[in-house]
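Q: Next come the chains, spelled out residue by residue.
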Amino acid sequence: MAALPKLKRTDQAAFDAFSIKRRRLADKLASIVITFGGIAIILSILAILVFITLEVYPLWKGAKAELAGRFDLSKSLVISSKSVNPTSVSDFPILALGIDEYRQIGFVITENGLVDFISLKDGKAIKQIPLGKIEGKKITSALGSLDNEEYTLGTDDGYILPVDIKFNVSFNDNDERIIEPEVVEGEPIKVDALPLTHVAFNALDDDLKGVAAVTSDGRLIFLSQLTTSSLVGEEKKEELKYDLTPELKGRIVTAIALDQFLDNLYVGTRKGELYHWDIRDKANPRLQEVIDATGNPEIAITDLGFIIGDRSLIVGDGSGNVSTWFQVEDNTSPIGRRLKKAHALAQHNGLVTAVAASPRDRGLLSADSKGVIILDYSTSERKLLELEGEGYPIKALAFAPKADGAVAVDERGTLYNWSIDNPHPGVNLKALFGKVWYEGYSKPEYVWQSTGGTDDFEPKFSLTPLAYGTFKGTFYALVFAIPLAVLGAICVSQFMHPSLRNLIKPVIEIMAALPTVVLGFLAGLWMAPLIEKILPAVFLIPAVLTVMTLSAVFLWRLMPKSVRGRFKEGSELFLLLPIFIFGIQICLWLNLPIENLLFGGDYKASIFNTFGLQYDQRNALIVGFAMGFAVIPIIFTISEDALSNVPKHLISGSLALGATRWQTAIKVVLPTASAGIFSAIMIGFGRVVGETMIVLMATGNTPIMDWSIFNGFRALSANIAVEIPEAPHGGTLYRVLFLAALLLFLVTFLVNTAAEIVRIRLRKKYQQL
Amino acid sequence: MKKFWKSGDPFVWITGGALAFSLLMIGGLLFLIMAKGLGFFWPSDIAEVTLKDGAKFLGQIRGREEIPQPDASVGTPKLYRIQLQIGNRDIYGLDFKWINKNEIAKIDYPSEAVLFERLEWGNMYGFIKEIREGEVIIARGNEQSWIALKGILPQTEEIYKTIKRIEKKDIGDFNYNIEKLRLDIKKLELRGGDPSALEARIKSLEYQIELQKKLYQNKESELAGLYEKLAENKIVVSTVDGREKEMPIGTIVRAYQPNDMSLLDKVLLYISKVWEFVSGEPRESNTEGGIFPAIFGTVMMVLIMSVVVLPFGVLAALYLREYAKQGVLLRIVRICVNNLAGVPSIVFGVFGLGFFIYVIGGSIDNIFYTEALPTPTYGTGGIIWASLTLALLTVPVVIVATEEGLAAVPRQIKEGSFALGATKFETIWRVVAPSAMPAILTGLILAIARATGEVAPLMITGVVKLAPALPIDGHFPFIHLERKFMHLGFHIYDVGFQSPNVEAAKPMVYATTLLLILIVVFLNLAAIIIRNRLRKRYATSAF
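Taken in sequence, the protein lines are chains L and D. So the first sequence is numbered by the working numbering: it starts at 1 and just counts up by one. So the second sequence is numbered by the working numbering: it starts at 1 and just counts up by one.
Heads up, some of the hints might be wrong.
[What the hints assert, rightly or not] If you want the footprint, here are the derived chain D segments under chain L, 3+ residues with CB under 8 Å:
no., region
1, 338 to 348
2, 385 to 398
[Said to hold, decoys possible] With the Cβ distance kept under 10 Å, some of the chain D side facing chain L (calculated, not the full set):
no., residue
3, A317
4, E322
5, I335
6, L446
7, I492
8, V502
9, Y510
10, L525
For the record, the hints were derived by calculation from the structure and aren't laboratory data. Glycine included, each C-beta is placed from N, C-alpha and C at the ideal position.
Can you build the whole structure from these sequences, using the hints too?
A: Here it is, written out as structure tokens:
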């Protein structure tokens, strides 16, 4: 009890000087300041959760679209439509359309061989460029690339013409952007004499060109052109042309797709079959497989296309289904791969008239005969948007080059221009936590791979392997820590003299304060190589130490009482320290003999042969030790508090009834304090789950899912630390990492709260006892 | 035997075993760090190892281990190998070499063997052949050269210091000024206004830049002269295998002949090396030299954090304990605040990055530093954001400790104060707060200890492996809170795991680890002692 503070002379003077009013005012002011300040501080601390949640929220918002413009092309493009068929409004002669990257100018390619550029501000025609190389011919088919730049046109006399549409951007004196469209025509290639109803064209390094086309009488032609230049500089063209019609066995082709590598040609038929030709050998196109893609001969394939990267095939059919397909490894196939349906996407009410893939991500648009356009994300199968037209079939469809808009033209010649805000297309619950079938994988899997080398790389954000890693590390750490910490706490609280207890507790508390970066460094650079050398000894240590402890008790009990009595209660246990050092030394000596005896001299090979486990130097065992070490003091301190606060009369009663001190500890004290020990373990769990530096430094950080103690993992926390510095602010990766942080926050917060409630209850229970 | 088990003693001893094992681990860990960290600075003797095939190696013995012989039959004599630090990275490529014991013919300790600590390429072990000034040989042989070297080394050190000062201070100043003027011009351009007046002002600023550039060039030429002078004196060292290496004496930091030194000399050298470690700048991508910037950064960050965390923590605790209406809601709030201490630090780091850096820092940049955009000033990691993040991380610690202290003040004292007519605020200010002072201090120390050892949140809020400048320097406003900084804990992570030559860097990491642990343990001990005193003063239960 401290003495009352004395009023000093100066205080007295101050006291006199203060009028009651001023003092009351000061009191009130202080009260307001402290109340508001306190609430503000507490709220701002709690605002962490709110802020992180707000940063995560946009992931779920989905896409938004706005109709930025709607123009009647049949009116604005009078001149162009006139020459073809001015009266038929219902079938506007459009074949392809596109839009520039600033979404200011749209263009349409019509049957009469003209490219019309339209301002998307007012729908007025800006410019009309006739295609010189096919002047006077009618265009019968067209196909565009994802970025709205390269188009392939098929003519009524069997030619194809590659066309590049360019927008040259310059700035005038007032810093206004001026976009000048330009059409660059390529070299026409003669494919056939009849009109071409479907065309596909790709050029590989300008030396090799491939064309697939369907003629008006239903023949399917594949043509390749190889340009070789001799040393003198003479160019030699070698052309190979194949008629693939016989292999179609009379099926009517409704859509074709040719990938950019000129490796695969896909053809869809009216009966819903998908024909796949392997055209890697240009001199020998081989029909690889024929798949019934729609499952019903009544349902035709209506359009084919590729997702960015040209590895996933988009299939739209007559019943309104859209799906994506890619080749996966399959040993039953002669080439080892087989085309499989990976994702079933939009379900339209009418037949699918057009598909367009996003030039940025794995999203795709599909339009139907009812004028509805659906935006899907292929890998996550997330339906992002549904755009409504005016009920007329959509004839042409294109994604904006930056994937921030879409344009479509329906059969009446109405052009729709939507702006799309779609910041996080690939993320949904399924992609984050479920198995996802990524392109090129043989089956759906959990994958975390946030960055890749190529432009068309798809980031893979499965948090499951990371959460798995977190729990794996936690599991091994707790397996190591709980027995040591709880047994140690029982020992200190029950069998030791209070003076010893006061000595040991601070030591353990200091252990709790050791920076985890230190533990991680030692684990990664000192312990990992060491344990790799002496693994057999490590597994020997617990057994040897237990045996030595038991023999030590045995010897101790043989000692005369006079010797035993000299030790302060519990201090005899310190005799174990030198014994343990000796025991560990013995294990080290035994390491090589045991390795030779049991594992044939190489435990790694032995483990691999027996269990099929690979031994990594930085593995879960190391993390278990290091994190266990970090968490032992926390579990120890809290359990010890709970154990030593068990009311003394319970213990005395038990001892008085003749129970040994062990019986008292285990039958009386432990049950009473079990809730406290549980809460200690929970708090330890919370600490381990979020531990960052140790897992970062002592594991290989590979996001694999494997319970083996001998390999590493990647934990949520380490993943955040590694990846967030490189994650662009506001991007999908950034928000996914915030989600990981939110998960960690919630898990630890809930676990800690539960532990705290348990502790409060326990305290009440002790007061009642 | 039955009695043996029934007595319970074996179980008691097993619990004791668990405790002993834990204590052994702590002891072992501290011992390991001590041994490795302190041993690093000791100038051990240089061994000349001659192999049976005649090959010779010169270096310091750093370790010894058993060679595993998987296929040997039982009873084969054990084989050992020693790890020799042979240095001379520029000649051999690798600093360390393992030598099998049974291949060694003899080990000598030649007294004239010299260890050179160099600015580049790490240590060099060898014998001095001669010293040249330009092309003139001024000393030949070990004895003569050693004396000459002793004379020249302090001079070159002086020149080196001058160079460093010019590079850091003067050239740094010019760069700073030029950058500032450039930003001023941009600022004027952004603001716009009367074109003619603007042009005139920009002209004058541009002229100033030119002026600075001229001054800069003068200093450059002065520097070039100094560098030339530094390269003037050369030393020729022959390695043990007979190769010769000529190098400027200016690149030598320290040269000594450990085999010829007395124990006292070695102790003095040891102390000077420890001092260099604590006060020097890092070299060779942080694997050599000192860690002063890291210590400075850590201390400064912790200080800023304390300035923030102390008033806020105490204010919140005062509110919770003295002003708020005690009830269920308050109990929930208290549990929440308590549990925030258990939320992983990386989560706070993520919050710091998202909120402090991108939201607040980004806004500051948009309002006050428009001229520097798109280069971020506050919108990127910096010491202020790291400190604030850690303040947020540690404020629950201060709140909890302060509350505990406030709760421990006996009611009678407070009631006495009220009875004497003091208002609530006066009571708190003059009676309660002073009594709770030790508790507040404990909280602060625990917060500091936690912040000192924390690395994960710093990695994403402003720590770098090598900061170009300290957060405090001679340029107005002297304290640069937006600068990135170095930190002891991150230094350990970075040097230990990201450096190209981990083996050579390890001793440095152990030494840094030791320093960090000493600081943390010292702070914690202080907190524990204060807390124990406090408990004695108000003997109330605190569980």
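Q: Look at each hint and say if it fits the structure.
A: Hints versus structure:
1. Remark: the region 338 to 348 of chain D is confirmed as covered by chain L, as 10 of its residues place a Cβ nearer than 8 Å to a Cβ of that chain, reaching the required three.
2. Three residues within the 8 Å Cβ limit are the bar, and the region 385 to 398 of chain D against chain L gives 3, so the coverage statement holds.
3. The beta carbon of D/A317 is positioned within 10 Å of a beta carbon in chain L (closest approach about 8 Å), and the interface hint is therefore held.
4. Interface hint status for D/E322: upheld, as the beta-carbon distance to the closest one in chain L is roughly 8 Å, under 10 Å.
5. Here the hint on D/I335 is kept, as its CB sits about 5 Å from the closest CB of chain L, short of 10 Å.
6. Checking D/L446 against chain L: minimum C-beta separation of about 8 Å stays under 10 Å; hint holds.
7. A distance limit of 10 Å between C-beta atoms decides the matter here; for D/I492 the minimum to chain L is near 5 Å, and the interface restraint holds.
8. Because the closest C-beta pair between D/V502 and chain L is about 7 Å apart, less than 10 Å, the hint holds.
9. Of the supplied interface hints, the one on D/Y510 holds, with its beta-carbon coming within about 9 Å of a beta-carbon of chain L, less than 10 Å.
10. Against a cut-off of 10 Å between C-beta atoms, the interface hint on D/L525 holds, since the closest Cβ of chain L lies about 7 Å away.
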